[in-house]
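There are 4 protein chains.
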Amino acid sequence: MALTGVIRPGHVQLRVLDLGAALTHYRDVLGLIETGRDAQGRIYLKAWDEHDHHSVVLREADEAGMDFMGFRVDSPATLEKLAGDLKASGLATDMQWIAAGEHLRTGKRFRFTVPTGHAIELFAEKEKVGNGMPYENPEVYPDDLKGMAPSRFDHCLLYGDDLDGTMKLFTEVLGFELAESVVAGPERMHIAAFLTCSTKPHDIAFIRHPEKNKFHHASFLLDNWGEVLKAADIITKKRVSLDIGPTRHGITRGETIYFFDPSGNRNEVFSGGYIYYPDKPPLVWTDDELGRAIFYHDRKLNENFLSVVT
Amino acid sequence: MALTGVIRPGHVQLRVLDLGAALTHYRDVLGLIETGRDAQGRIYLKAWDEHDHHSVVLREADEAGMDFMGFRVDSPATLEKLAGDLKASGLATDMQWIAAGEHLRTGKRFRFTVPTGHAIELFAEKEKVGNGMPYENPEVYPDDLKGMAPSRFDHCLLYGDDLDGTMKLFTEVLGFELAESVVAGPERMHIAAFLTCSTKPHDIAFIRHPEKNKFHHASFLLDNWGEVLKAADIITKKRVSLDIGPTRHGITRGETIYFFDPSGNRNEVFSGGYIYYPDKPPLVWTDDELGRAIFYHDRKLNENFLSVVT
Amino acid sequence: MALTGVIRPGHVQLRVLDLGAALTHYRDVLGLIETGRDAQGRIYLKAWDEHDHHSVVLREADEAGMDFMGFRVDSPATLEKLAGDLKASGLATDMQWIAAGEHLRTGKRFRFTVPTGHAIELFAEKEKVGNGMPYENPEVYPDDLKGMAPSRFDHCLLYGDDLDGTMKLFTEVLGFELAESVVAGPERMHIAAFLTCSTKPHDIAFIRHPEKNKFHHASFLLDNWGEVLKAADIITKKRVSLDIGPTRHGITRGETIYFFDPSGNRNEVFSGGYIYYPDKPPLVWTDDELGRAIFYHDRKLNENFLSVVT
Amino acid sequence: MALTGVIRPGHVQLRVLDLGAALTHYRDVLGLIETGRDAQGRIYLKAWDEHDHHSVVLREADEAGMDFMGFRVDSPATLEKLAGDLKASGLATDMQWIAAGEHLRTGKRFRFTVPTGHAIELFAEKEKVGNGMPYENPEVYPDDLKGMAPSRFDHCLLYGDDLDGTMKLFTEVLGFELAESVVAGPERMHIAAFLTCSTKPHDIAFIRHPEKNKFHHASFLLDNWGEVLKAADIITKKRVSLDIGPTRHGITRGETIYFFDPSGNRNEVFSGGYIYYPDKPPLVWTDDELGRAIFYHDRKLNENFLSVVT
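Residue numbers (this note's numbering), protein chains in the order written: chain G, 1 to 310; chain Z, 1 to 310; chain V, 1 to 310; chain C, 1 to 310.
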């Protein structure tokens, strides 16, 4: 197979202040599908076109934020190999195996902390529950989708301090590539990195920030700009807190809107963006063009975007 | 890197009856950009968001059709390895190395014939000429795009007899996967195969057909369904011969329109389609649902689609 | 007020062979809202953004087709005046007043037959039931819309013999204008007329046809081309009989798809089209360009479009 | 004819600080078509689907803003009648006839000042120059459109003090209707009025403001939300000053983006909005919902929108 190693973002576990309010948001507003609850009370959800059992896990806690983000790898052998590589790299800390079944219908996961302070997981096995349509003679989408109805969990943007270390870990150990980056000052220090393990412009992204382990947003994929408008309308009809949008990113070219879940965790839904290939020259943005890089139309950052994280 | 081996369709060389008329079509109607002409008189073109020197080569000849389709591999080492694998496979015939430079700005290519009779090439080196924008602080698309202005050459659909042999070659030797297929009769014989080497629903496709080495269409990527309408309008404004569309495919879910170049070679422009991952369960269509599989709205094939090939 | 006289198509009463199947189609597939049933068993429906009580009435009968189409006029005084003008014109036959209440929540209607054999009505009063949102601080559309969810009943296309007489009645008595027409032969005989009483490119249209009083289609308004695609997807998901589309009309420029209700009555949903003003020069199409006039992309008529009427 | 009296906004004359910079903006960025220059040096432009000679006139001056806005009436007789009605109304001041030919290819105009201080004109004759396509067998749009390429000049929003007087003049003398309004405080004083003379949600709008005769924006019509995105991209590519958008209005439901010409005059391009009929119940917004009324997604006004006028 041509896509190997780490193949995609597989899940994100989010802390929410009130599980009921969060479920209403992620199921009825965002439009994910609930697939299970575990003995700890965590709620599992998936986007409609994902085949795996879940991609979002909600955990009630006293403080919002991200517990961890997990990536699917192509095989158990790759999982073992990458666990070994991570141990050997000296770049990861707090490494541990999480037993199969700790997440519903999921095999064992290898969890580690990257230099920016975020917990990341790798896993090779999660039960396929399908996308609501048969594998023989399907329709093009299922009936009865709700809310914004994104087709997939797409990526996270995370804020943390040691951006260089995290970039090194993702590119040198996990096989990601730097599709785009933002550099600052005459030394062209990296202040943002957009990393891909596939043909998407990014599968995970990081922005340099004084604190470790902060969560900026989890992003979900829509079909097109018309669906971004529909999402914006839903945000108002449901009185969801809007951050910014609809607009376009310069980085990735994606069409986007940002908003907050009831606990203050930021979500994005977006569409578009180019196809990334490993021989594509990386794009670089300088900090004087950061506004246009992030919000292509406004050409300036809103204060929220830089400072509100969970 | 996560995407390795054969990474994408890199070029298609088409035979056209009149080079001037073909250039007008591919440059002004389809909206490709001319990047060169060689000593043989061949014209080289690229879609605007491709970085390689060319993806379409037009050669004047007495008969329309496809000379060959070429795939980019990730490295010269992979090119050598796959050439060896092809030789060892017993599935390819007419194998030869084409010298570097035979195509403008392109390294050496390994050409072979697959069991359906089509000439396929692999190459590892083609000069990057960029997408008309700087690599630092770019815009989201260049100015002065013309015609339908697809961003990329995406795939070809080819007709030929020994579908099983070609499927075997692409999946077992070149590392492609079968994303979708159509089967006929109680034996569920494959009559169509949609093969991917990436996260696209197909990078090449084949339909079983009594004759060897027939060309059905070359396809180019648009951003969205609104661009498909614009393409349809251009087809009429320029009095291009329409095959069918705008419509949607059941297979791949793509939004599409088909038309003919002045020599009778079929083109497609399309948008949409799902993201393919190697662990996605393959989709199968039965021949009684073939109409819906190909043209999701009409739910029947037009005669042209099955019989007109070059 | 600037728009006076006959102001819009207000309703169409359709004959259906099976009321239950028809209701499923018009409510769940097309997405109209049921607003009542009368003692005769007729079912009343409206599109979501209409404020009047109903715009479609379904009547079970042994033969499909249209009973009549009704237009709203601006006032009871105008209703009386136009009834008198019609009587004086010598162009209408079978004139009668239908008592208030014969249609639910509707005032008295003046019914007459036009030279092409169709029954047309005028009315001045129908109860306002609103569009599902308050008149103070509304949202932009209500929740829980179903199916294709057109916002309005827009127009009908009718087939009949004495096109000249009907054109004369609509333009000279009812104040319509001829926005576009199709002419045939060296005498440029009118074979199609697109008539407007507003700023829409047509509020009613007629095509010359040997038989009197035939119904071609009732049309409903969608927001945009993306909604036309969604309608096309629904047509297939619900296995509705498709006539043609998605495509564009040359006449009106509208983006369109045609399909049939379970009784064989044709429906259209469409979006777009220009703004008509009374000083806009009329457009004329010649019969050699009829294909492009009707189906701008195909540039030829399908046999169904010309021959299948109810 | 069903649409009579004042039928549409016909032109707006804008003051610009530098005629060359303004022409570049209105022709190459907005995408209007230059149709003439007069002896005073004024530049005349039209949107592509307008048939009249011009809809925008640029005049170089020391201060930006609007000289006047003109409405087309249905006939010379109506022009005379409305001039008389205005004189009799006691609501208009500074009334004068402007001679035919003072604007290129335009008949005589009746100019008057409304209570908010704005100069408004009526005219009945302006030469038809067409929309770049023949009246027989046209295409659906001409080739070689540039920039945002709106199809029509649509409306203006003006700021001034005596809103009640201006509303009275437009509704009681000129036959406009109040489609939507914003009211403030327990007395529900009108602070904004959206007035229509057609089936559009507004042909002119006013917001209460301490100063007389201020110009907020001139608005131009796009086909759809995808064109609004294209306009937003052009705004950035051409480094035009963005005000706000892309977003949606609660009032009118239109999809919109605002930006400034080089002199600081605000422009809008928008798509969508409902069809207005004279029997449609008027919509009222209260000032506590003003944010959502104006910017449906943000649900708050940006400071610019309320304070920056020319």
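There's no promise every hint is true.
Identical copies look the same in the list; a pair holds intra-copy or inter-copy alike.
[Claimed, not checked] Calculated cross-link-like contacts (lysine to aspartate or glutamate; reagent style EDC-like; alpha-carbon spacing at most 20 Å): (1) K87 - E172; (2) K146 - D233; (3) K146 - E227; (4) K214 - D288; (5) K237 - E177.
In short, the hints are calculated from the structure, not lab data.
What you are looking at is a predicted structure, and each value in this text was computed from that prediction instead of being measured.
To see whether the hints hold, each was checked on the structure:
no.	hint	verdict
1	K87 - E172	within (13 Å within a copy, 34 Å between copies)
2	K146 - D233	both (14 Å within a copy, 17 Å between copies)
3	K146 - E227	both (12 Å within a copy, 17 Å between copies)
4	K214 - D288	neither (24 Å within a copy, 35 Å between copies)
5	K237 - E177	neither (39 Å within a copy, 28 Å between copies)
The structure shown violates the earlier hints numbered 4 and 5.
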